[in-house]
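K.L.:
Each chain, written out:
Number of protein chains: 2
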Amino acid sequence: MLKAVGIIAEYNPFHNGHRYQLQQARHLSGADVVIVVMSGNYVQRGEPALLDKWTRSAAAIENGADLVMELPLNTAVQPADRFARGGIYALAGLNCAAVAFGTEQPDLNYAQLGQQINDLPAEPAAFIDYSQTYATQLNAVYQERLHVRLDDPNVILALGYAAANASLMNPMTLVPVPRVAVGHDEPSAVGHFASASALRQMWTSDFASAYVPTSAWQLYQDAPVVRWEDLWPYLHYRLLTMTPVQLREIYQMTEGLEYRFIQQNRDAASFSDLLQRVKTKRFTYSRLSRVALYTLLACTNQEMNNTQGPLRVLGFSPIGQRYLKQIRSQEESTVITNVNAKNGADTAPYGLTIRADRVYTLVNGHSQNFGRAPFQYRKDE
Amino acid sequence: MLKAVGIIAEYNPFHNGHRYQLQQARHLSGADVVIVVMSGNYVQRGEPALLDKWTRSAAAIENGADLVMELPLNTAVQPADRFARGGIYALAGLNCAAVAFGTEQPDLNYAQLGQQINDLPAEPAAFIDYSQTYATQLNAVYQERLHVRLDDPNVILALGYAAANASLMNPMTLVPVPRVAVGHDEPSAVGHFASASALRQMWTSDFASAYVPTSAWQLYQDAPVVRWEDLWPYLHYRLLTMTPVQLREIYQMTEGLEYRFIQQNRDAASFSDLLQRVKTKRFTYSRLSRVALYTLLACTNQEMNNTQGPLRVLGFSPIGQRYLKQIRSQEESTVITNVNAKNGADTAPYGLTIRADRVYTLVNGHSQNFGRAPFQYRKDE
Numbered sequence: 001m002l003k004a005v006g007i008i009a010e011y012n013p014f015h016n017g018h019r020y021q022l023q024q025a026r027h028l029s030g031a032d033v034v035i036v037v038m039s040g041n042y043v044q045r046g047e048p049a050l051l052d053k054w055t056r057s058a059a060a061i062e063n064g065a066d067l068v069m070e071l072p073l074n075t076a077v078q079p080a081d082r083f084a085r086g087g088i089y090a091l092a093g094l095n096c097a098a099v100a101f102g103t104e105q106p107d108l109n110y111a112q113l114g115q116q117i118n119d120l121p122a123e124p125a126a127f128i129d130y131s132q133t134y135a136t137q138l139n140a141v142y143q144e145r146l147h148v149r150l151d152d153p154n155v156i157l158a159l160g161y162a163a164a165n166a167s168l169m170n171p172m173t174l175v176p177v178p179r180v181a182v183g184h185d186e187p188s189a190v191g192h193f194a195s196a197s198a199l200r201q202m203w204t205s206d207f208a209s210a211y212v213p214t215s216a217w218q219l220y221q222d223a224p225v226v227r228w229e230d231l232w233p234y235l236h237y238r239l240l241t242m243t244p245v246q247l248r249e250i251y252q253m254t255e256g257l258e259y260r261f262i263q264q265n266r267d268a269a270s271f272s273d274l275l276q277r278v279k280t281k282r283f284t285y286s287r288l289s290r291v292a293l294y295t296l297l298a299c300t301n302q303e304m305n306n307t308q309g310p311l312r313v314l315g316f317s318p319i320g321q322r323y324l325k326q327i328r329s330q331e332e333s334t335v336i337t338n339v340n341a342k343n344g345a346d347t348a349p350y351g352l353t354i355r356a357d358r359v360y361t362l363v364n365g366h367s368q369n370f371g372r373a374p375f376q377y378r379k380d381e
Numbered sequence: 001m002l003k004a005v006g007i008i009a010e011y012n013p014f015h016n017g018h019r020y021q022l023q024q025a026r027h028l029s030g031a032d033v034v035i036v037v038m039s040g041n042y043v044q045r046g047e048p049a050l051l052d053k054w055t056r057s058a059a060a061i062e063n064g065a066d067l068v069m070e071l072p073l074n075t076a077v078q079p080a081d082r083f084a085r086g087g088i089y090a091l092a093g094l095n096c097a098a099v100a101f102g103t104e105q106p107d108l109n110y111a112q113l114g115q116q117i118n119d120l121p122a123e124p125a126a127f128i129d130y131s132q133t134y135a136t137q138l139n140a141v142y143q144e145r146l147h148v149r150l151d152d153p154n155v156i157l158a159l160g161y162a163a164a165n166a167s168l169m170n171p172m173t174l175v176p177v178p179r180v181a182v183g184h185d186e187p188s189a190v191g192h193f194a195s196a197s198a199l200r201q202m203w204t205s206d207f208a209s210a211y212v213p214t215s216a217w218q219l220y221q222d223a224p225v226v227r228w229e230d231l232w233p234y235l236h237y238r239l240l241t242m243t244p245v246q247l248r249e250i251y252q253m254t255e256g257l258e259y260r261f262i263q264q265n266r267d268a269a270s271f272s273d274l275l276q277r278v279k280t281k282r283f284t285y286s287r288l289s290r291v292a293l294y295t296l297l298a299c300t301n302q303e304m305n306n307t308q309g310p311l312r313v314l315g316f317s318p319i320g321q322r323y324l325k326q327i328r329s330q331e332e333s334t335v336i337t338n339v340n341a342k343n344g345a346d347t348a349p350y351g352l353t354i355r356a357d358r359v360y361t362l363v364n365g366h367s368q369n370f371g372r373a374p375f376q377y378r379k380d381e
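Quick note, the sequences are listed as chains A and B, same order. First residue of the first sequence? That's 1 in the UniProt record's numbering, and the numbers climb one at a time after it. First residue of the second sequence? That's 1 in the UniProt record's numbering, and the numbers climb one at a time after it.
Derived by calculation from the structure, the hints in this document are not laboratory data. Virtual Cβ for every residue (Gly too), placed ideally from N, Cα, C. A hint or two may mislead.
[Stated by the list, open to error] Label-pair ranges, simulated between beta-carbon atoms:
id: 1; chain 1: A; residue 1: K3; chain 2: B; residue 2: V245; range: 40 to 50 Å
id: 2; chain 1: B; residue 1: P224; chain 2: A; residue 2: G365; range: 22 to 32 Å
id: 3; chain 1: A; residue 1: N305; chain 2: B; residue 2: N340; range: 34 to 44 Å
id: 4; chain 1: B; residue 1: T204; chain 2: A; residue 2: G371; range: 36 to 46 Å
id: 5; chain 1: B; residue 1: T300; chain 2: A; residue 2: K3; range: 52 to 62 Å
id: 6; chain 1: A; residue 1: S205; chain 2: B; residue 2: Q302; range: 51 to 61 Å
id: 7; chain 1: B; residue 1: Q137; chain 2: A; residue 2: A269; range: 22 to 32 Å
id: 8; chain 1: B; residue 1: R149; chain 2: A; residue 2: R277; range: 54 to 64 Å
id: 9; chain 1: A; residue 1: G371; chain 2: B; residue 2: Q276; range: 33 to 43 Å
Take the sequences, apply the hints, and build the full model.
P.N.:
Rendered as structure tokens:
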């Protein structure tokens, strides 16, 4: 029986820091197989991924991952707590023995904190303060009751993983991986390491190559780049032709946001202009960007609240392929390897991801689902 | 009291034949004022107008029209019978004493034929033959029972005008204007006359100037051109992200057309490619083009079945302005001269036209409603 460690990732794009994390996950967990569940063509902050899911998963497979599975859209594009829970449920469903995650605070007792978070009351009274974002209020509660510093998004995610794992009765060992050099969102670079957001900003320059494994850089040369501004004309048009009643059917379009979006869109000159016009103290940019993305992709409450969804195989190494066979023989599988008329139907659980990917293809130019097979790594095992 | 003759037009674009028709309408009717009710930025065949409503109405005012009013979208973009009825109701509401229309068969007794059409049974049994278009079946009934040749769309429209006028108890005298030289849809040109469709095809060449009044040609030089293919990216995106259930809320999306549109759109490379893929014996290209336009503009059954709507003043000559004052003192007015927060609200009757024009502006680049005032002709009266 092969033992697996899981990682929840976006790889937007994959860089040297991710390669290091894959090595550490394997080393610290002692696992035979490293499994990654990865966002598809849209990421948690409500943006299109810079590079498509095939390019990013191939880069990961060539640099230490044994199996990359796609998180469905209704898991991947969610607030941090839902994203974390969806990722943990996916890894647990894949029979991982451990889950590894990067963190600036590797010495915290994550298992204990996860249990404590689950024991917190579901809706603290403080959350109804509409002059602050939900995230700010959540952090205040965590800091006050758990005595944890939450000034880094990786720690917030790590606590989300721990809580979700605890809610499942801890099927996986938690493996904190100390992060090196640069934080997730710092637009800086140190040595051979740069954050993904710094990389996205420097993408058009050749400087980016210093922070990316050579094999990944080669993959990236053929990959079309997709940014929000490329999708802006479609969102702009969509908002021009939707009524407030129709817009309220969009996931998380609440508290009058539908009127703000419709009104502000009329004179907005770009996506960033729209978000600045819509922004209030109540909502973070990430939340508003996600709501804009749900609008672009016509994601309804019903679709997004159903967090069930199959995991699609994007790529594997030989040992990753063996692991896939191992788990398939063990249980009812929610893994799909190829999209066909049945699992790819509009009403199928994977239908939402397919619809969203068709919009991605408007800019990217490459079919993302039908006719695409997993990337197979053929180097010596 | 000024006496008015009305014309129902599209002017897509305005040309020498239209100028001739305006002269004949004035001459044959003996009216003091020539009023035109004109389609706005979208025309009856389900297409964006080549030039915007301001450019086309200014060309008409400079070449013989005294008053140009915009037909609201829910009248202008309809099957021929509804378009004809909406136009006649609008002219009757403007107190016109006569209505003039071009026809290849000016000697028919239109008043009598109009009454006969109204006496026909509403739903002849033959209409449920799904292997033929509605238009084909309608024409067969007309030819059989009225003994009229219907090989020209102008005659079909003229009969629609006559029937609508008869249904109102004939408030207006019918004034057939013999058409000169070329038919409405013939892609040819004779002398100084060319059809509007021929003009649209030759638009990028300077040849078109020979068939257009000089003052109109000058106006056209600054006017951005809008064609269906310019709007195609938005329709393509929209169809990628709509479910059959959502699409069925679109006006005239019936008989399973929603599935054909969704399926065929996925691989369609252009608007014309889409229409060819969707086409069946049952539907004309015009019908399918209208349904595509309703989809682009998100026109619901409720919006399009409500054929009430204000007429907007697009331009006037001095005598046209006097006529406007005359009819305003006579009755409750459904005429609007400027769009403001009240009559331009999303839920106002003119809201549908404003929404549709915002999409037109995506290509045309010029605001079409707020802040636009009627064109005023200042030459000697």
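K.L.:
Check each numbered hint against the structure and report the violated ones by number, ascending.
P.N.:
7 and 9
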